[in-house]
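Trainee: Residue strings, one per chain:
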Amino acid sequence: MLISTLLQRRFLSLVLHMAPFLFVASGRIQAQEGALTIFLWHAYGEGEARGLEAAVKAFQARAQEEGRPIRVEITPVPFGAYASKLQAAIPTGKGPDLFIDAHDRLAFYVESELIRPFGAWPPELDGEFDPLHLNALRWKGVLWGLPLSIKCLVLYLNRKLAPPVPLETLEDFEALATRLPKGIWPLAWEISSTYGSAALFHAYGARHIDEAGHFTLLGPAAEAALFRMQALLAKGVVPPEGSGELVRNLFASGRAVAAVSGPWLAPDLGPELEWEVRPLPRLREPPKGQSGAMTPFATVEAVFFPSRIPQGKEDKAREQAARALAIFLAASEGARIRALRGGHIVASERAWKGLEGLERERAFREAARQAIPMPTHPLMSRVFGPVDRAIRKVLRGELEPGPALIEASHRFADETRPPPPPRDPRFAIVLLTSLLLVLLFFATRRLLDPQFRVTLLRSLPAYAWVAHALIAIFLLVVLPLGVGALTSFFAGQGRNLHYVGLANYIDILTARGQGLFSRGSFYLVLGVTILWTILNVTLHVVIGVSLALLLSRSRLFLRPIYRVLLILPWAIPNYVTALTWKGMFHRQYGAVNAILSAIGFEPVSWFARFSTAFTANLITNVWLGFPFMMVVTLGALTSIPKDLYEAAEVDGATPWDCFWRITVPMLRPALLPAITMGAVWTFNMFNVVFLVSAGEPDGSTEILVSEAYRWAFTRGNQIGYAAAYSVLIFVVLFLSTRGLPIFGMQQKNLGEKKGVAHA
Amino acid sequence: MPKLRTAITSIFTHFLIWLFLIFALYPILWVIALAFSKGVVPESRVLPVPSHFSLEHFQAVILRTDAQGRWLFARQLWNSTLTATATAFVSVLIAIPAAYAFSRFDFVGKATTLRGLLATQMFPGVAASVPLYLVLDTLNLLDTLSGLVLVYATSTLPFALFQLRSTFDTIPRDLDEAAMVDGASRVEAFLRVVLPVARPGIAITALFAFMSAWNEFILAATFLSREEHYTLPILLQSYATEHDANLGHFAAGAILVSLPVMILFYLLQRELVAGLTAGGVKG
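The listed protein sequences correspond, in order, to chains E and V. For the first sequence, this note's numbering begins at 1 and goes up steadily by one. For the second sequence, this note's numbering begins at 1 and goes up steadily by one.
Don't read these hints as lab results, they were simulated from the structure. For glycine and all other residues, C-beta sits at the position ideal for the given N, C-alpha and C. Warning: the hint list may mix true and false statements.
Computed footprint of chain E on chain V; a stretch qualifies when at least three of its residues, placed anywhere within it, have a C-beta under 8 Å from a C-beta of chain E [stated by the list, open to error]:
| id | stretch |
| --- | --- |
| 1 | 211-223 |
| 2 | 255-265 |
Here are the simulated lysine to aspartate or glutamate pairs, DMTMM-like style, with alpha carbons at most 20 Å apart [unchecked claim]:
| id | chain 1 | residue 1 | chain 2 | residue 2 |
| --- | --- | --- | --- | --- |
| 3 | V | 3 | E | 73 |
| 4 | V | 38 | E | 46 |
| 5 | E | 235 | E | 285 |
| 6 | E | 316 | E | 46 |
| 7 | E | 94 | V | 137 |
| 8 | E | 94 | V | 56 |
| 9 | E | 642 | V | 174 |
| 10 | E | 160 | E | 274 |
| 11 | V | 38 | E | 274 |
| 12 | V | 38 | E | 272 |
| 13 | E | 57 | V | 143 |
| 14 | E | 182 | V | 43 |
| 15 | E | 94 | V | 174 |
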């Protein structure tokens with residue numbers, strides 16, 4: 001008996017301690033077959049991926065013929081994870097051999113030392129590409145990749161809906177607005193985005209940045225473009241809150257005579273729709289010195305090569321194979337396959353000679369040749385946020401174009417401030433070391449205390465129960481988070497990080513030198529976040545507990561069905577429902593406004609004001625969160641002994657007494673941790689804020705964590721700054737949950753004195 | 001008139017529940033309507049019904065193949081099932097003894113550890129994915145489902161620990177002490193007496209771990225590098241790229257992804273319903 005128990009215990013503890021490490025043993029065994037294998041990553045949608053796959057197949061077949069077989073492993077990466085995956089993988093040498101991305105990310109990759117130059121120009125590519133497109137792939141005087149395809153906005157025209165009048169100018173569309181039946185838009189166009197509106201700015205002669213990276217979208221030309229946008233919206237030429245998705249749906253369902261969209265729209269248009277591609281409409285009366293043509297931005301999709309330290313012959317061979325594949329894909333032969341099979345608007349000029357038919361693709365290509373390649377300058381990507389906000393402010397009528405653009409330029413200047421200068425890390429190292437020594441000193445002193453040693457010895461059995469869990473958490477949760485927190489003392493990008501001391505923190509806590517409660521300042525966002533957390537958690541708990549109590553009535557008809565149905569919001573991934581709610585809050589096509597007008601209310605522009613946008617976020621998150629509280633409460637309710645209620649009833653207690661005297665105290669131990677957790681999760685609920693309001697209007701509904709993400713991903717990848725944000729979030733949460741009773745061992749009231757383990 | 005009162009209470013209860021039911025189901029019905037519509041027509045309407053009924057979105061999602069003509073959906077469904085099940089299993093297995101210790105024993109550093117565990121939940125992961133990548137690389141677990149399971153299981157561990165600790169806390173310690181008085185060891189008392197009583201709490205914890213693994217895609221897409229290793233949410237994400245959002249496909253995929261979780265909850269709710277401690281406390 002004794003031995004078997006002992007064995008059982010040993011075995012159990014062995015298994016439990018080994019569990020995390022068994023997985024290590026089953027680690028990957030790298031498959032190395034005869035052929036050289038190279039890896040290609042892309043973030044294409046389904047249709048475009050087909051074209052790429054076909055071209056890669058042709059490349060493999062040719063390599064086989066030539067007696068040097070190469071296997072290409074293609075990995076489609078979801079767009080949302082693409083950049084972070086490349087940034088994680090390339091520095092560890094686990095990146096691809098080549099990858100495809102748009103040229104506007106090029107400068108960032110170069111600055112972060114993530115890619116290497118293309119190298120010597122192969123003579124067989126002479127005359128293959130438009131020099132303009134090759135130029136877009138040059139940065140700091142070096143060519144970094146090969147152009148694969150060109151994307152730009154074009155005009156899609158619905159032939160059946162288009163009246164028999166010329167539709168060549170913007171004025172033609174404005175005239176159309178008064179003549180169309182209700183529900184049909186002249187022009188589905190996302191003018192509220194920087195990318196979508198660029199053509200109009202260009203037509204007025206305004207440019208976003210100059211070659212030195214200065215913000216230039218100022219002055220009468222840019223203002224005139226904004227006035228024009230206001231007019232287009234007011235005259236009903238373009239739909240309000242026009243997102244890319246709305247543009248696509250309006251045109252695809254025959255509710256827009258024309259649409260401004262890119263080549264990605266074409267695959268979604270059904271065969272019953274008769275459409276053609278045209279250049280964007282012109283301005284009939286161009287401003288002085290301008291041609292009046294609306295030229296959109298062109299992005300050059302190119303193939304790039306991750307930087308790595310070549311380690312041997314194998315690497316050299318792989319580099320050569322990757323280069324050969326890139327050349328094949330970009331040059332006419334591969335380009336032709338991509339165009340035919342995947343509808344790519346290929347950059348290769350020669351490829352088009354072999355492509356007869358393909359009328360629409362040719363029209364795309366013509367438009368792309370006229371378009372202005374987006375500036376390669378790394379600061380170009382930082383123009384988008386400030387300009388988006390300026391355009392939306394003007395379209396909402398909050399600001400005149402002039403002040404809005406000046407505000408955008410200030411915001412641009414603020415967000416592109418050069419990183420703080422490097423600091424000498426020696427002081428921090430000395431400080432850290434001495435701190436460690438002090439800690440060590442106290443730990444030793446404590447260990448020398450005989451009484452403490454006895455307590456510690458008696459704690460040993462308990463450690464056997466928790467060690468495996470703590471080791472796993474330390475290794476895979478604490479360590480990565482700790483390293484992440486350390487980056488908050490650094491500035492820069494990718495591999496180019498330098499130590500800056502507390503500069504990031506000082507910047508955040510002084511609101512970057514602006515008013516402490518100015519828009520986007522740490523304190524203002526913190527206030528919004530606290531409001532957000534309190535309202536959400538309160539509603540979660542009230543709704544969750546009420547529903548659980550209703551459902552716990554034992555003789556409730558349909559109870560199991562109710563229970564399952566009410567849990568459903570929790571069962572669906574939250575990014576799906578966040579997107580669904582966003583659609584439901586659309587000004588014109590959303591179901592929420594449809595309900596409001598059905599019961600006699602005015603439709604609401606949900607994302608035009610802080611109060612309504614915040615409410616939209618709140619409704620979404622309450623919807624997402626109440627089932628969790630309900631389930632926790634339900635679980636806890638089943639553990640309340642029935643006889644407690646019976647006894648209370650015998651004593652003449654009212655249901656109200658029972659609730660406060662029995663239910664609430666008995667629910668506390670289960671609910672308190674759930675509430676604390678719920679508060680922490682809500683405080684950091686990124687998906688809802690990012691997907692539903694996206695910070696609209698003007699960044700006012702941003703919470704701390706979404707602000708941190710903006711610094712990490714859309715404001716020039718300032719990862720150190722974002723890390724400082726997350727450390728501050730952590731500090732705020734840590735301090736505010738300090739007093740919470742779940743740490744106070746309040747469970748002692750269950751009746752017993754706790755002894756030290758005697759397992 | 002107690003009967004009339006009961007009837008009124010009952011009607012009122014149902015009314016309240018129906019109110020929330022509408023709130024809970026309305027957006028889901030929209031997802032379903034989108035998934036079964038032909039194309040996607042933007043329309044302002046109150047009732048979530050498909051505009052032109054069609055199965056095209058489901059067909060497109062389920063029948064999708066990769067470059068080699070392999071059936072992706074089945075492969076990724078299998079990967080997701082494996083990953084999420086293993087995550088739930090590993091997470092709960094590791095958490096149970098530790099949570100029991102946190103509930104029953106006092107030891108040096110307990111309060112600090114608990115505080116530290118909660119603290120891990122407060123730290124936004126903005127800057128953590130690259131270090132995590134390095135850890136997995138060191139363990140040689142990149143691009144494997146085991147690595148993903150390890151990451152998911154540990155990231156759900158703090159919550160599992162808290163959840164299970166409060167489950168154990170609601171179980172009176174007389175129960176294990178009585179067993180130990182009867183001659184059982186601590187481990188035996190734990191395994192034979194406490195664990196069975198804690199089953200509903202364990203079920204919730206496992207369900208939670210399962211779901212967070214089942215729905216996650218950013219880490220999965222970062223750590224996995226072959227399409228045949230991908231999990232279902234990654235497939236789902238490919239319908240919502242920057243310009244190319246196909247909401248119909250997305251909705252159909254969302255329903256397919258959510259369905260197993262719904263079924264699981266339906267199955268597990270019986271486990272939860274089965275009243276537990278009522279008998280235990282008396283004894």
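Trainee: Cut-off 8 Å, C-beta pairs, minimum 3 residues; does the coverage of the stretch 255-265 of chain V by chain E stand?
Mentor: Holds: 5 residues of the stretch 255-265 of chain V have a Cβ under 8 Å from chain E.
Trainee: Keeping to a limit of 20 Å between CA atoms, is the pair of residue 182(E) and residue 43(V) held or broken?
Mentor: OK: residue 182(E) and residue 43(V) at ~13 Å, within 20 Å.
Trainee: Between the stretch 211-223 of chain V and chain E, are there enough contacts, at least three residues with CB-CB distance under 8 Å, for the coverage claim to hold?
Mentor: Our answer is that it holds, as 6 residues pass the Cβ test (under 8 Å) against chain E, meeting three.
Trainee: Run the distance test for residue 38(V) versus residue 274(E): straight-line Cα separation, threshold 20 Å.
Mentor: Holds: residue 38(V) and residue 274(E) sit about 18 Å apart, inside 20 Å.
Trainee: Sort out whether residue 143(V) lies within 20 Å of residue 57(E), counting only the CA atoms.
Mentor: Cα-Cα ~24 Å, so violated.
Trainee: Keeping to a limit of 20 Å between CA atoms, is the pair of residue 94(E) and residue 56(V) held or broken?
Mentor: violated, 38 Å
Trainee: Hint check: residue 94(E) vs residue 174(V), CA-CA at most 20 Å. Holds or violated?
Mentor: Outside the cut-off at roughly 55 Å; violated.
Trainee: Are the Cα positions of residue 160(E) and residue 274(E) separated by 20 Å at most?
Mentor: Measuring from Cα to Cα gives roughly 7 Å; hence the hint holds.
Trainee: Take the C-alpha atoms of residue 642(E) and residue 174(V), compute the straight-line distance between them, and say whether it is at most 20 Å.
Mentor: This hinted pair holds, its Cα atoms lying about 19 Å apart.
Trainee: Are the Cα positions of residue 316(E) and residue 46(E) separated by 20 Å at most?
Mentor: violated, 32 Å
Trainee: Has the given pair, residue 235(E) with residue 285(E), been kept, meaning a C-alpha gap of at most 20 Å?
Mentor: holds, 18 Å
Trainee: Between the alpha carbons of residue 94(E) and residue 137(V), is the straight-line distance 20 Å or under?
Mentor: holds, 9 Å
Hints 3, 6, 8, 13, 15 from the list above are not met by this structure, while the remaining hints are.
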